[in-house]
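*Asks:* Sequence:
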Amino acid sequence: MNKEKIPNTTRKGAVDIAERLKVLNRMEYFAVLATDDDGKPYTSLINFALSPDCKAVIFATPRATRKYRNMIKTKSVALLIDNRSKKAKNLMGTEAVTVMGNARTLKRGKVWDAFEDIYIKKHRDLAEFIHSPSTALIVVDITRCVHVSQFQTISVWDCGELQDC
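Going from the sequence shown to the numbering used here is simple: count from 1 and add 143.
These are calculated hints, taken from the structure and not from any lab test. Among the clues, some could well be false.
Stated by the list, open to error - Label-pair distances were calculated between CB atoms; the ranges are:
(1) 162 to 184: 24 to 32 Å
(2) 260 to 180: 14 to 22 Å
(3) 276 to 182: 30 to 38 Å
(4) 275 to 215: 12 to 20 Å
(5) 166 to 206: 25 to 33 Å
(6) 186 to 299: 17 to 25 Å
(7) 239 to 275: 13 to 21 Å
(8) 286 to 184: 33 to 41 Å
(9) 216 to 175: 13 to 21 Å
Idealized CB from N, CA, C, for every residue including glycine.
Produce the entire structure from the sequences given, and follow the hints as far as they go.
*Replies:* This is the structure in structure tokens:
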């Protein structure tokens, strides 16, 4: 039996977070969205897509939801994107990226169409949902990402460092 050695201290990582985000975007369909619900944390499971320049996360939600109301009040959100379902018992192989940013609701038009295309390309089965008048298309403009791998290896990517990927 191969037992993994779990580190008991954190280490600074040097991961290319944009590259890891692209990989997670290809492999994972869900993220956990964290919003502020009147001073209390609130989380929701969402389908997400990453913009090609790695500067934004896109998702859709009905307007009549708590997460939507929370984002209208407080634009600052966090998303957790991880591969835990693919690494069930391999703790050292599991990775997660916490994406922090500001959420904005898009109005229908050219910008909506561009982001909708990105989202539908990944989530074809949600085309009818996104076209509903009650659905909001949300873009989270990324300000910071924190990548954790090998249990306690931490890499940080600030928006000032964002490059096209």
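*Asks:* Does 13 to 21 Å hold as the CB distance between residue 239 and residue 275, or does it fail?
*Replies:* Distance hint for residue 239, residue 275 is violated at roughly 31 Å.
*Asks:* Is the distance from the Cβ of residue 162 to the Cβ of residue 184 consistent with 24 to 32 Å?
*Replies:* 29 Å, holds
*Asks:* For the range 14 to 22 Å, tell me whether the beta carbons of residue 260 and residue 180 fit it or not.
*Replies:* 31 Å, violated
*Asks:* Confirm or reject the claim that residue 166 and residue 206 have a C-beta distance inside 25 to 33 Å.
*Replies:* The hint (25 to 33 Å, Cβ to Cβ) holds, given that residue 166 and residue 206 are roughly 32 Å apart.
*Asks:* Cβ-Cβ distance between residue 275 and residue 215: within 12 to 20 Å?
*Replies:* Given about 18 Å between the Cβ atoms, the range holds.
*Asks:* Is the hinted range of 17 to 25 Å satisfied by the C-beta distance from residue 186 to residue 299?
*Replies:* 22 Å, holds
*Asks:* Is the distance from the Cβ of residue 216 to the Cβ of residue 175 consistent with 13 to 21 Å?
*Replies:* 19 Å, holds
*Asks:* Given the hint of 30 to 38 Å, check if residue 276 and residue 182 actually sit that far apart at their C-beta atoms.
*Replies:* With Cβ atoms ~31 Å apart, the hint holds.
*Asks:* Honestly, do residue 286 and residue 184 meet the 33 to 41 Å range at C-beta?
*Replies:* Once the Cβ atoms are compared, 18 Å apart, the range 33 to 41 Å for residue 184 and residue 286 is violated.
Hint violations for this structure: numbers 2, 7 and 8, all remaining hints satisfied.
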